[in-house]
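Undergrad: Each chain is listed here by its residues.
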Amino acid sequence: MAAADAVPILVAEGLTKTFAGFTAVNNVNLSVRRGTIHALIGPNGAGKTTCFNLLTKFLTPSGGRILYKGEDITGLKPADVARLGLIRSFQISAVFPHLTALENVRVALQRQRGNSFDFWRSKSVLGVYDARAAELLEDVGLAEFIHSRAVELSYGRKRALEIATTLALDPEMMLLDEPMAGMGHEDIERITALIRRVAANRTVLMVEHNLSVVAELSDTITVLTRGQVLAEGDYATVSTNPAVQQAYMGDADG
Amino acid sequence: QDNKTVRIGNLSDQSGLYADLGGPGSTLAAQMAIEDSGLLAKGWKIDVIAGDHQNKPDVGTNIARQWYDVDKVDVIVDTPNSGVALAVNQVTREKNKAFLNSGAATSDLSGKACSPNTVHWTYDTWMLAHGTGEAVVKSGGDSWFFLTADYAFGHALERDTTEVVKANKGTVTGAVRHPLNTADFSSFLLQAQSSKAKIIGLANAGGDTTNSIKQASEFGITAGGQKLAALLLFLPDVHALGLQVAQGLTFTETFYWDLNDQTRAFSKRFSERMKNKMMPSMVHAGVYSAVLHYLKAMETFGGNPGDGAKVVAKMKEMPTDDALFGKGTIRADGRKLHPAYLFEVKKPAESKGPWDYYKLVATIPADKAFRPTAEGGCPLVK
Amino acid sequence: MQALYGQLVVGLINGSFYALLSLGLAVIFGMLNIINFAHGAFYMMGAFAAYFLLNWAGLGYWWALVLAPLMVGAVGVLVERTMLQWLTGLDHLYGLLLTFGLALVIQGVFQNEFGSSGLPYAIPAELRGAQNLGFMFLPNYRAWVIVFSLVVCLATWFVIERTKLGAYLRAATERPELVRAFGIDVPRMITLTYGFGVALAALAGVLAAPINQVRPLMGADFIIVVFAVVVIGGMGSIMGSIVTGFALGLIEGLTKYFYPEASSTVVFVIMAIVLLVKPNGLFGRTA
Amino acid sequence: MAEAANGALLTVAGLEAWYGESHILHGVDFHVRPGEVVTLLGRNGAGKTTTLKSVMGMIGKRSGSIVFDGAETIRLTSDRIARAGIALCPEERGIFASLDVKENLTLPPVVRPGGLSLDQIFELFPNLKERLGSQGTKLSGGEQQMLAIGRILRTGARLLMLDEPTEGLAPVIIQQIGRTIARLKQSGFTILLVEQNFRWASKVADRFYVMEHGRVVDGFASADLEANKQKLQDYLGV
Amino acid sequence: MTGATHAAPAAASGAAPSGPLAARAEILAFLVMAGLLAALPLTGLIYPYFLMQALCFAIFACAFNLLIGYVGLLSFGHAMFLGTGGYIAAHTAKVWGFPPELAILAGLAAAGAIGAVVGLLAIRRQGIYFAMTTLALSQMVYFVYLQAPFTHGEDGIQSVPQGRLFGLFDLSQQQTFYYVVLAVFLIAFLLIRRIVNSPFGDILKAIRENEPRAISLGYRTERYKLMAFVLSATLAGLAGSVKALVAQNASLTDVHWTMSGEVVLMCLVGGLGTIFGPVIGAVVIIAMQQYLAGFGQWVLVIQGVIFIACVLAFRRGIVGEIIAFAQWRSAEKR
Ligand SMILES: Nc1ncnc2c1ncn2[C@@H]1O[C@H](COP(=O)(O)OP(=O)(O)OP(=O)(O)O)[C@@H](O)[C@H]1O
Ligand SMILES: Nc1ncnc2c1ncn2[C@@H]1O[C@H](COP(=O)(O)OP(=O)(O)OP(=O)(O)O)[C@@H](O)[C@H]1O
Ligand SMILES: [Mg+2]
Ligand SMILES: [Mg+2]
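Chains as they are written, first to last, in my numbering: chain A, 1 to 254; chain B, 255 to 636; chain C, 637 to 923; chain D, 924 to 1161; chain E, 1162 to 1495.
Be aware that one or more of the hints could be misleading.
To be verified - Listed below are the simulated DSSO-like cross-link pairs for lysine-lysine, each with C-alpha atoms no more than 27 Å apart in a straight line:
no. : chain 1 : residue 1 : chain 2 : residue 2
1   : B       : K600      : B       : K522
2   : B       : K564      : B       : K550
3   : B       : K349      : E       : K1255
4   : A       : K77       : D       : K1061
5   : C       : K800      : D       : K1052
6   : B       : K392      : B       : K613
7   : B       : K600      : B       : K531
8   : D       : K1061     : C       : K800
9   : B       : K366      : B       : K570
10  : B       : K392      : B       : K468
11  : B       : K366      : E       : K1255
12  : B       : K299      : B       : K564
13  : B       : K581      : B       : K568
14  : B       : K326      : B       : K258
15  : B       : K636      : E       : K1255
16  : B       : K392      : B       : K452
17  : D       : K1061     : D       : K1025
18  : C       : K800      : D       : K1025
19  : C       : K914      : D       : K1061
20  : A       : K77       : C       : K914
21  : B       : K564      : B       : K581
22  : B       : K450      : B       : K468
Because the hints were derived from the structure by calculation, they are not lab data.
Because the structure is a prediction, the values reported are computed rather than measured.
Working from the sequences, and respecting the hints, build out all of it.
TA: This is the structure in C-alpha cells:
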C-alpha cells in the first residue's frame, strides 16, 4: 500500500543506549517511511521497548541522533516530542481510569487550545469538542460506552479507548508497543482492523510478538537482536531469513 | 454600685517550662488572696479561672480576648513569658480591663510598653541586671558572654545586663541565642566556651537555665575556670537542680519563703495546699500580693466599676501593704516597688532541711532596686 | 580550631540520632510503605520507658537499654495489629496520616501527664566523667552514644542487605500477597518489622534521655529534621540512611562553627539542593 | 462436566469469589489429576486469573471447596497453601525491583524436594544466567516472564499454576516453554495453565476447561479437540 | 511511576458527582451556606471573632484541598503559605503602614512567590516523597521566620492595625470586618470551584489519573502541577493575610508543622476532594478547639483520635459520606 520511494518521516542514526555497562541498543539505524506501517520485532530483551523509549525521549540516548521530518529531536523533552505529532502508546494500557471515555478523548482534543492555563474559564468552553470526541469513539467501536468510566471497560476496550485518544491528537505518526499483548482473539481481530483503518494516512511504528498480526499489517519489518539490527524487509523476506528464524521464530509460526 | 462579681483569669504556662514557677501555683495564690481579702464574707462573688498560653503570644492573645469578650473576666494575673505578657498588655488596654503581671520579666512593661491598665508587680530585667550583674562584675567578673533565650524576655535581660556590665567598666564579648525550651545546650556552650569570657551570663529562665547549668558542668566549662551567672533563678529551679549542682550561684529575687515569720506562715499554708507540696516562688507571692491589693482597690468602689483603668489608677493611689512584700507603692508607670535581695545558694552541708536553699547576701532597698521612672521612657509619665 | 572540633563531635552525636531514627524509618517504610510519623513519639516513649523503669521499678540505664525497646516495640506491634494492618492496599498517604494522628495522641497524653518541660535522667555511673581530648572535653556518655549507635546501625544493615531474611523483607515490601503465596507468613513479618523499627526509635530515645532529658515533645520537631535526612538519603538503601544521618550531623556541626545562624536550616538547604540535582535522593532508586 | 474426581490432585467445587463487592466467580467446578496438564481457556475477564488466585488463597473473599491432595484448603491462608505444595506464576509476573535476578530466583523457599536446580533452570533460560546480577525489573518483558517461571520451578511444588506464560514472549521462547512443560510433566509435576494462545495450548495440554462469566462451561480432552472446534469458536471467537 | 497507579487518597473516584442534578444541589448548598453565614452574627449566639477565624481556616482548607483533591498531591507544608501571608500582611500593615487591601495583596503575593519556589522543588517527587519534601521545606521556612528579625521570633508581630478597607470600611468594627471576611471567603470559594471546573482543571485531573499518559499526549505536566501549586499557595496566603488582620497578630504557630497537619485534618474530616468538605471540616475543627479549649492539651489528643478514626473508618469525610449516602439512596430508588 505504501509507495516504495516515500520519504522517511523518522530516522534514527547510530542510536545507542547503555545501562550501567550493559548495551541494550547498539548503533541502530532505522528509517521509517512516511505512510507505512513499520514493525519492530525481535526476541525478548532485544531492545525494542528501549528503542521506543529513546525515540519518544522517555529515555535519553547515550549516542546517535533522531530526526523527525528532517528535524533533529534528539534534545527534546517527551512532551515536546508529542507536540510535534509523534505520539506513543504504552505496553500497559494507558487511560485516565476515573474519567469517562468522552473525557478521556477530550483531554487529548483539548491540546488544540495550546497550553491552556485558563483556570478562570468555565469548562463549558470544552463543549465544542464533544461532537468530535463522540465521532472518534464511534470509530473505535465504543459508541455505547461514551459515558462509562475507563476503569469499567474491559481490557480490549481500554486499548480501543487508548487508540481513540491517540487519534484525537491527529498524530502524523503513532508508536504502538505490543498493542495486542494479553488480548483475546476477537479483540485482536478488531484492533488489527482498526489499526489498518487509522493508518490510512499516517505512519505507524509498532512492536508486536503476534506474528500473524505483524504479517498482516506491516509494510516493513525490522528485526532486532541483542540491541542490533539483524534484518529488515517485508514479511516474506524477513520470515524466510534463516538467521531470523533461528533467533526469533523458531520452527513454527507460534 | 451593686455589681459585686469579679472574675480573675490566671493566664499562665500551665504545663511548660515555666509551669512550676507560675502555673497552678498562681491560681492557688490568687485563690488565697481572694479568701484573705475578706470580700467573700461581704457578699462579693469572686472566682478564678485558669488558662494555658503554652508560651505562644498568639494563643495568649486569643485566650485573653475571649476571656474579656465572652467570659466576663475583669483582670488577668501572672502571665510569665514576656512575649505573651506584652501581647496581653495590649489587649487589656484595648478592652480597658486590668493586667497584674507577676511572672514576666521584661522591663518594657513599665517602660516603652507601659499602660494605664497594667501593673508590673514582682521583678523585672532591670532589677535582675542591676542586682546580679553589678554584684558579679564588682567581684571581678568583668568579661561576659551571654547565652540568651531568643525572645522578648531574653533580649531584654541581655540588653539590661549589658548596660550594667559596661557601666561598671566590664566588656561583653558576644552572645548566642537559643530557642525557648531547648534541651541540648552542648553546641551553644561550646560557643560560649570558645569566647574565653570569664562570665557566661545566662539570660534565660526555668528549664532552660537549669539545663544549661547542668550541661556546663558536663562539658567541663565550670571546671575550665569560666563562671556561670544565672541572671534569673527561681526557687523551683534550685529545687530541680539540687544543691550539689547549684551551690554558690548568686542571683536576685524579691521574695523567699524563709525571709521572716510572715512569709514563713504564708508559705506553709501555700505548700500544704499545693499538689506537689512546693514552696511558693516569688511569682506566686507576687500574684497573691497583687490580687490582694486589687481587691482592696475594688472594695473602695463598693462594687465592680467594670473599668480596668479606673481600678488600676486607684491601686496606684493606695499604698500597698501585705505580709509578703511589706509596705510599698505602685508608680505611675505601673512599676510596683519593694526591696530586692541578693541571694547565694547554700552548700549542701549548710542546708538545714528541705527547701532550705538560700543565704541572704545583700538587701537592695526599694528605691534602688528598680529603674528610675525617667529612664524607662514610659509615655504615661512624660 | 578547638571549637571546630568540638562542634564536629557534637554534630556526630546528633548524627547518631539522625542515623538511628532514619534507619528505623527506612526499615518501616521498606516493609509497610508507611512514613511512620509517630516515630518521634516512639522515640520519646523510649526515653519515658527508661524513666519509668528507673523510678518505678528501680531498673537502671543498662536494663533500660534492653527493656525499653522491647516495651515500646511491643506497643508498636499492637499498633500495627490494631490499626496499620487495616491500611494495606490503600494509598500510602493514609499511613502517614494515621501515624500523624497517633503521634498527636501519644504526645498529647504524655504532655497532659508530665507537662512539656523535661524530667531529669541521670547519666549512668559507669559513663560519667569526660575525656580531655586537648581540644575539648568529650563527656564519656556522648562518646558511648556515637559508638553504640554506629554498631546498631551496621548490625541492622547487615541483617537486611546480606541475609535471606532481608531479601524476604525487601520482596514483601513490593508485593506482599505474592511473597505470601510463596509460603512466607508476611503479615507476621510486617508486624515484627514495624515492632523492630519502633524499637530502634525507642533505643534512640533511651540513648537520648541523659542528654536531652525526658520530655513529651522531644521527638516532635526532631523528627521533621529526620524526614529531611530521609529525603536527602532517598530511602533507597539502609546504608544510605545511615551514611546520610551521620554526614548531616557533621555538616550541621560545621555550620555551627562557621555560620551558626544557618545551623537549623542547613539540612533543609541541602535537601533543596539535592532535590534539584538528584530528585530521588543520594541513594534513592530511580522510579 | 463435573466428571468423577476420584484420585484428583486438585478438586475445585462450587468456588465463588469476590473482589470487594463485585461477585466474580459463580460456582467454578473442575479437577486436575496428578501428572496432568490442564488448561483453562476463556475470553478476557472470564475469571481465569481469579480462579488461579482463589486456589492460591490470594482472594480475600471466597467460598466453596478446594481440595488439594486430599485436604480442604479453602480456609487456609496463602502461605499455608504454598507450603502444601502449590505454586503460582502470576499474570503480571511479579518480579521484585529491589532484588537482583539471583535473589528473585532464589526467593521462594523450597517446600519439598524434587524441584529443579539452578543449573537446570539456566539451561532452560540462558538469558537469565547472563543477567544474574541485574536488578529484576531491568530485564525486558520477556526475560521477566522467564524469571517468573524459573522461580517457582525450584520450590518443588507439585502443582504449578502458570497464568498466561507465553504473553509477550518471542515465538522461539514460547516453543521452549512448551518443551519445558512437557519435561516438567514427565518429571511428575502437575500443571494448571491459563492461556489465550489456544493453538499453542493444544500442543501441551491433556485436557481443557472453558470458562465464561465466572463459571466453567465446558471441558474436553485434547483428543476430542477436532470434534469441539465449532463450539470453541463460539466460546472464544477463534 | 508507582505513585501514579494508586490514585491519591482523594478518593475522588466516588465522591464527585456529575450531571445537572448534582450541579443544582451544589448551587443550592452554596446559597444556604452563604445565607447562614450572613445571618449567624446577627443572632448573637456565636462569638463573631470565632466565626472570622473559622472562615479564614475554611479558605485555607479549600486552598489545600485544591491540591490534594484535584491534583492528587498531599502537601504537608501548607502552613508555610498561611504563615507567610500572615507575616507579610502584618509587617506591611504595621511597619510600612499599608492599608488592609494592600497588606492582604502583599501577603498573598509573597505566599504565591514562595509557592513557586517550593513548588519547583517539590513537584519533582510524588506521593509520600512529595508530602515529606513539602513538610521539610516548610520547616526550613519556619526556621527562617524564627530567626528573621522582622518576624520577632517567638514574640511574633503583635498589635497589627486593622485600618480601613479601601479607606471606607473600618475594620476595627467587628461587624464590618466580619462581612468583609465573609465576602473574601465566598469569592475564594467560588474561584476554587471555577478552577476545578475549568479546562485547566480537567487537565489537572488527567494528570492525577495517569501522568505519563498526559505527557505522551503532549502536556508539559510539570507546568500544570506547578501552576496548581502556586494557586493553592496563593489562596493559602490569602487566608493567612486576612487571619493576621483578624487576630491582629502573626506568629510562629501559623508556620509550624502542626498547622500543616491541622489543615489536612480539616479536609479529611470534611471530605477530601469534595467542594464543601474543607469548609465543614474547618468549622468543625475550629469549633472543637474553641469549645474544648478548657481541656488543655487533651484537645490535641482528641484531634489525634479523630485523625485515626477518619483514616480507619471515615475516609470519605462528612461530606463524602453524605454524597455516598445520597448516591446509594438514588441507586436504591432506581
Ligand atoms: N533501565 C534499565 N536498566 C538496565 N537494563 C535495562 C533497562 N531497561 C532495559 N534493560 C535491558 O535492556 C535489554 C533490552 O530491553 P527491552 O525492554 O528494550 O527489550 P524488548 O526488546 O522490549 O523485550 P521484550 O520483547 O521482552 O519486551 C534487556 O536485556 C533489559 O534487561
Ligand atoms: N482487583 C479487581 N477488582 C475488581 N474487579 C476485578 C479485579 N481484578 C479483576 N476484576 C474483574 O474480574 C473479572 C475476571 O477477571 P480475571 O482477571 O479473572 O479474568 P481473566 O479470565 O484472567 O481475563 P484475562 O484474560 O483478561 O486475564 C473481570 O471482569 C475483571 O474486570
Ligand atoms: Mg518490550
Ligand atoms: Mg487473566
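Undergrad: Looking back at the numbered hints, which does the structure fail to meet, lowest number first?
TA: Result: no hint breaks.
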